[in-house]
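Enquirer: Please assemble the complex out of the two chains, which come individually in their own frames, going by the hints.
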Amino acid sequence: MRRHLLSSADLSRDDIAMLLATAAEMHDIQRRDVKKLPTLRGRTIINLFFEDSTRTRSSFEIAGKWMSADTINITGKGSSTSKGESLRDTVLTITAMAVDALVIRHMASGACHQVAGWVDASVINAGDGTHEHPTQALLDAYTMAQRLGDLQGRHVAIVGDLTHSRVFRSNVITLGRLGARVTVVAPPTLMPSGIGSWAVADGFATSGNLDEVIASGPDAVMMLRVQRERMSGGFFPTAREYTVGYGLTRERLRALTAANGEAVICHPGPMNRGLEISPEAADAASSLILDQVSAGVAVRMAVLYHLLAGEEVAA
Amino acid sequence: MSELFITGARLLGGPGADLLIRDGVIAEIGSLDVPRRATVLDADGLVALPGFVDLHTHLREPGREDTETIASGSAAAAAGGFTAVLAMANTSPVTDTAEAAERVLDLGMACGLVDVQPVGAVTKGLAGEELAELGLMHRSRARVRVFSDDGRCVGDARVMRRALEYVRGFGGVISQHSQDPALAGPSACCHEGEVSGRLGLPGWPAVAESVVIARDAQLARHTGSRVHVAHVTTAEGVEVVRWAKAAGIALTAEVTPHHLMLTTDLLTDYDPVYKVNPPLRPAEDVEALRAALADGTIDAVATDHAPHARQDKEHAFVDAAFGMLGLETAFAVVHEVMVRTGRMDWAALARVMSQAPARIAGLDELGHGGRLAVGEPAHLTLVDPDAVVTVDKETSMSLSRNNPWHGRSFHGAVVATLLRGRQSFGGER
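Line by line, the protein sequences give chains A and B.
Numbers in the working numbering are just positions in the first sequence, counted from 1, shifted up by 15.
Numbers in the working numbering are just positions in the second sequence, counted from 1, shifted up by 846.
Simulated from the structure, these hints should not be mistaken for lab results.
Treat the hints with caution; some may be incorrect.
[Claimed, not checked] Pair ranges (Cβ atoms, derived): (1) Ala-1129(B) - Ser-222(A): 27 to 37 Å; (2) Ile-87(A) - Glu-911(B): 32 to 42 Å; (3) Gly-289(A) - Ala-1028(B): 52 to 62 Å; (4) Ala-1140(B) - Asn-88(A): 56 to 66 Å; (5) Arg-56(A) - Leu-1112(B): 38 to 48 Å; (6) Ser-1033(B) - Thr-90(A): 37 to 47 Å; (7) Pro-203(A) - Arg-1254(B): 31 to 41 Å; (8) Gly-289(A) - Glu-1240(B): 29 to 39 Å; (9) Arg-1189(B) - Ile-87(A): 42 to 52 Å; (10) Glu-1130(B) - Thr-90(A): 36 to 46 Å; (11) Ala-1140(B) - Ala-274(A): 29 to 39 Å; (12) Ala-1140(B) - Met-112(A): 31 to 41 Å; (13) Arg-1189(B) - Ser-222(A): 35 to 45 Å; (14) Ala-1140(B) - Ile-87(A): 56 to 66 Å.
[Claimed, not checked] Pulled a few chain B residues facing chain A out of the computed Cβ check, cut under 10 Å: (15) Gly-997; (16) Pro-1051; (17) Tyr-1116; (18) Lys-1159; (19) Ala-1166.
[What the hints assert, rightly or not] So these bits of chain B aren't anywhere near chain A, every CB distance computed over 12 Å: (20) Thr-853; (21) Gly-860; (22) Val-1041; (23) Ala-1060; (24) Pro-1118; (25) Pro-1128; (26) Thr-1187; (27) Trp-1192; (28) Val-1235; (29) Thr-1236; (30) Val-1237.
Glycine residues also receive a C-beta, built at the ideal position from the N, C-alpha and C atoms.
So that you can see chain B by itself, here it is in the shape it has in the complex (with noise of 0.2 Å):
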């Protein structure tokens, strides 16, 4: 029997409490005695929070270990007050197999730190034509939910009508990077606007986004399925999501810290650390991605983290690699820029960051997601909100350096994290 003691911490940002883990379980709250045999944690003043779930990481392992693998990855994810995350399949070889996805499972499950549940592919080898092995890696021990080509979207309707109705027998769900390949193809790199106009960029419309929004919002009610819109970028992104929401359509959305966040002007100086897909967006489509997580229209927040070695990033902006790291800084990003602004209180964070994604991907099942009630697995973070950290790509758990945070300052700092009440990240103060 191991027992764990958290002192003071505020549930959900409520008044201090103590908490008594044992054998990863909230065993007991309240005002407790401190146990004779059990460890001490310390979090008088931190606000104790269900562990974050992210619904969309790269972790690059197989194929690019060099740039992040699932050890790193985990220790980045934990570090960031994660305890569960969502690996995409863009690997290489690409999760499309059971023994592929249950792969991913094992060595996540070998690290221990965070719970690494797989993505399967939509189609073989990403190539958005041939279904992968949906149903068998839905019955393999990775028990596979979540589909998703990201990095590509499923631009062929009927392949897509096909993929929700095939997962619709087990409940999965479609993870659609919703990029219209015909009004943004493979070279589009920047918000279509003035910006992309004045710097001769490709340009990357807003409408290449709400258009297969609306598209699978439509196959979505038709088959009767469920679709989540992946990194909702856009004011008429999240326009469509709000009407197929009120029209009752079984679709889920999410949005990245970074969009949250970073505007299309940092492009000026072509640095791509700032190269993503889809791309930062203007001031005014920020604010419509606050407005829309803060009332519910865009469920969770997912961070999208995508480490690249610096030599396929120092390329021309065009020919540079999309993405950007994400992991140990969403909570600072949405912290600063949805609670300290008044947005959202703690338990609006914890649903956005935690049991909102924990339900899209039916991880709620292994306890993710939870209330702080007692009975439940103890996936925990504690946060200090007042602490203010300076990001330093330096010190990043991540093998790779392209974090478009460096040098920012934010207040919230994630200082514990427990994964079925073992410590998987800090602890000390």
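Chain A with its partners taken away, still in its complex shape (with noise of 0.2 Å):
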């Protein structure tokens, strides 16, 4: 592996496999009573977020610390202007304090990359404005492997605002380099701009009919979360439109069911019930959203070992 995560392209299919499995052991661990492990003695993990996060931060924190990591949280307000500390100041007052990793969360897309060409620490991405989420991707094909078994051949829907949103930008690389069939849907407002040429180069599909795609029977639906500010930025009409045509409702959980018994539902969180995704679904017993958050720390502590424990333990 590489010494950053900064894109999901930075794995290959082998690193992803091997990052599972490794997430296969850490999660075992997990359900231990005594969860601390020796393997990152002595390493110090600083989590750099100029972006509010619960979930990622929090998870990255606690698999730093059960791996005797020392983590420290720093939260920044950002740079969103020119004026003040520029981000390569910042960035390099902190890893002055000799810093093994920076896991960063930013709302600039790139700022990962960029700060990548300033230190000398580990970088991982913990989410670029509305780049990627590489960490994401990878506890999000845990969680459906977990279930569905090899993804090889499988078929994934992602749904929702993929224009803005960095989770699906690294599940349809991740996801690809599994071998599975993914599927794209949004309103068209919301499909990125060169979406038909990006397809095709990287082999997905586009679609924006939700029931039609539904109805082919994916192995499994992510539905993506609709952030409350685009809702006045004028890229749909309504909440009420915007469910009828793109959430995962009572009856297309029915669709669902009936046309692929197996199929499994995920999001990223934090969920809009009602808008999105229905109740119904987010609790079904085909939910995986609860898995997914627990799988989070496991993916990230296996991160964290193959990027900082070194070869000697990546046996």
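Expert: The following block contains the structure:
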């Protein structure tokens, strides 16, 4: 594996398989009474979060702590203007304190790529703007594989605000590397620009019709969060209209179950119940939503382990 | 009486000839004897061109003298073969009064390396609402004729109409930064397409350019006034320019060297050195721009030289400052992509880098954009078409280092620049 995890594209199929196997071991440890491993003793990990996050930040923090790393959280307001300290100065100040890894979330796409060019520490992308969120894609793949087995040839639908979704951008890469067949579904105004040539190049399908995609019986349906600020941005007329067109309603849940009795439901959270996902779907037996959260720690332990523990232990 | 004797220069790429410059004016051309008291400049094998004129330069003074001054920008311009530059109005304070324009003019003259012609703001403070004192700027010693809110588009059609009507009275021109603010807002920083989709960067669609060019063309027709399209970047923008010219509308257009060569896929590593407004476009647009420059649809090359401090570029991509350096590399880029490829000859290069911009800005009256004829002021650029130069940002005359050309090699170097017969750059070979 490389020194940084900036994009899901940094991981080969073998890397992903190795990380998911390690995550499974970590997941077992998570079920023990005493969860502490000595693996990363003496290592310092800084969670540098320029944007609010609960589950990602806390799962990275727990992952580090369970492996005995010293983890420190720094939350910054971020540089939304060209005034004040530059991003480079901010991260150089922090890494001057002998840091082994920087876990970064930033509201700007590409911020982690830029930081990786400035610092010696490993940089892990914990979500950069509307670009990528590689550990989310790993935990999604892990969770789906736990239920579905090998994802090779499986059909996964990713539904919702694709334009602004880093979860989509990372998932389409990771799922593709694992051999899954991906269909992305969104209203025309929330399809990313250039999606046509992009889909052809990367081998996934696009659709504007959720009912057709559900009727085709996908093995997994991943619903993306609709961010409230998008609703005033003119991307779609009303929340009601969005739900009718693109929500996983109880009717669509029935249709999904009818088309594929084994189909599972994912959502990266936090959910807008009643908007992109109905309570019936969120709480269904086929819903993996809480499993995703649970897998978050194990997957991030695996990532930290392989990036930081070095080759001597990555047997 | 001062005399400069230039030997063996190939005028516009033609056969070698000698030039005698006397008191800043081209006095004789031909196979001449070396005068006794003249300074001699050996230009054997060099191509002589009329001094370049840049319609679009940001010199940052007053306000950001840490990034460029009129002195450092003038030196960079002279090193790039320019004898006149138009200094954009988005300084601090903005050039929106006669006093501000005269100060820029005076600082340029004090420097004396290049004629610095101030551009006046169209609206007060570049706010896009009330007209700046266009007439007073024109009546000032600076004789401002080009007005622009560059960096911002005059988005309000009524304001644009009034500005066009107003400047028509004294032969002014509005240079428009064509960016529909609703279609490409302030955060738009990447050509809208597959690259912006993949990178998750706010898109700046081609249509945000073409709709404004189309609107302004119709306003120019309606008012009988003259509009200039700053930095056209897209095939569909070119299409509208072509249509407007065919319709007889008084519309001119410029293209930057970077839009003639660099493409949007350079943004893949999120390096803010490639962040510029309008953004770099895909290869298809680059090709359309080259074709339009060659066939005359695009009148001029203009640098949009935009120096920035390191700390203003070292932010996350969406937060970093827009703009890149261009004065010192403009000739090499245009020579490489247009002349060496056979798409333009030396006369055409002189047209797009000197004669057309001089005419658009009214600087032909100061002898810029000449035809290298006896009796003209000696604004001259001598270039070596065979020299291979690798750009090193650290050797730039500019105070800034946001140089997207760093490390690239080009054929073609400016060897010497003459402003009114006085050497403003080079001479050593």
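Enquirer: Each of the hints needs a verdict: does it hold here or not?
Expert: Evaluated hints:
1. Ala-1129(B) - Ser-222(A): 27 to 37 Å: This hint holds: roughly 30 Å between Cβ atoms.
2. Ile-87(A) - Glu-911(B): 32 to 42 Å: Since the Cβ atoms of Ile-87(A) and Glu-911(B) sit about 40 Å apart, the hinted range of 32 to 42 Å holds.
3. Gly-289(A) - Ala-1028(B): 52 to 62 Å: violated (32 Å)
4. Ala-1140(B) - Asn-88(A): 56 to 66 Å: holds (58 Å)
5. Arg-56(A) - Leu-1112(B): 38 to 48 Å: Roughly 43 Å apart at Cβ, these two residues keep to the hinted range, so it holds.
6. Ser-1033(B) - Thr-90(A): 37 to 47 Å: With Cβ atoms ~23 Å apart, the hint is violated.
7. Pro-203(A) - Arg-1254(B): 31 to 41 Å: Holds: the Cβ-Cβ distance is about 40 Å, inside 31 to 41 Å.
8. Gly-289(A) - Glu-1240(B): 29 to 39 Å: With a Cβ separation near 59 Å, Gly-289(A) and Glu-1240(B) fall outside 29 to 39 Å, so the hint is violated.
9. Arg-1189(B) - Ile-87(A): 42 to 52 Å: Violated: the Cβ-Cβ distance is about 58 Å, outside 42 to 52 Å.
10. Glu-1130(B) - Thr-90(A): 36 to 46 Å: Once the Cβ atoms are compared, 44 Å apart, the range 36 to 46 Å for Thr-90(A) and Glu-1130(B) holds.
11. Ala-1140(B) - Ala-274(A): 29 to 39 Å: violated (57 Å)
12. Ala-1140(B) - Met-112(A): 31 to 41 Å: Check failed, 56 Å falls outside 31 to 41 Å.
13. Arg-1189(B) - Ser-222(A): 35 to 45 Å: holds (44 Å)
14. Ala-1140(B) - Ile-87(A): 56 to 66 Å: For Ala-1140(B) and Ile-87(A) the Cβ distance comes to about 59 Å; the hint holds.
15. Gly-997: violated (13 Å)
16. Pro-1051: holds (8 Å)
17. Tyr-1116: For Tyr-1116(B), the interface hint holds, since the closest Cβ of chain A sits about 3 Å away, which is under 10 Å.
18. Lys-1159: holds (8 Å)
19. Ala-1166: holds (7 Å)
20. Thr-853: holds (50 Å)
21. Gly-860: holds (47 Å)
22. Val-1041: Val-1041(B) not clear of chain A: closest Cβ-Cβ about 7 Å, inside 12 Å.
23. Ala-1060: holds (22 Å)
24. Pro-1118: At roughly 8 Å from the nearest Cβ of chain A, Pro-1118(B) sits no farther out than 12 Å, so the non-interface label is violated.
25. Pro-1128: violated (10 Å)
26. Thr-1187: holds (27 Å)
27. Trp-1192: holds (39 Å)
28. Val-1235: holds (27 Å)
29. Thr-1236: holds (22 Å)
30. Val-1237: At roughly 21 Å from the nearest Cβ of chain A, Val-1237(B) sits farther out than 12 Å, so the non-interface label holds.
The structure shown violates the earlier hints numbered 3, 6, 8, 9, 11, 12, 15, 22, 24, 25.
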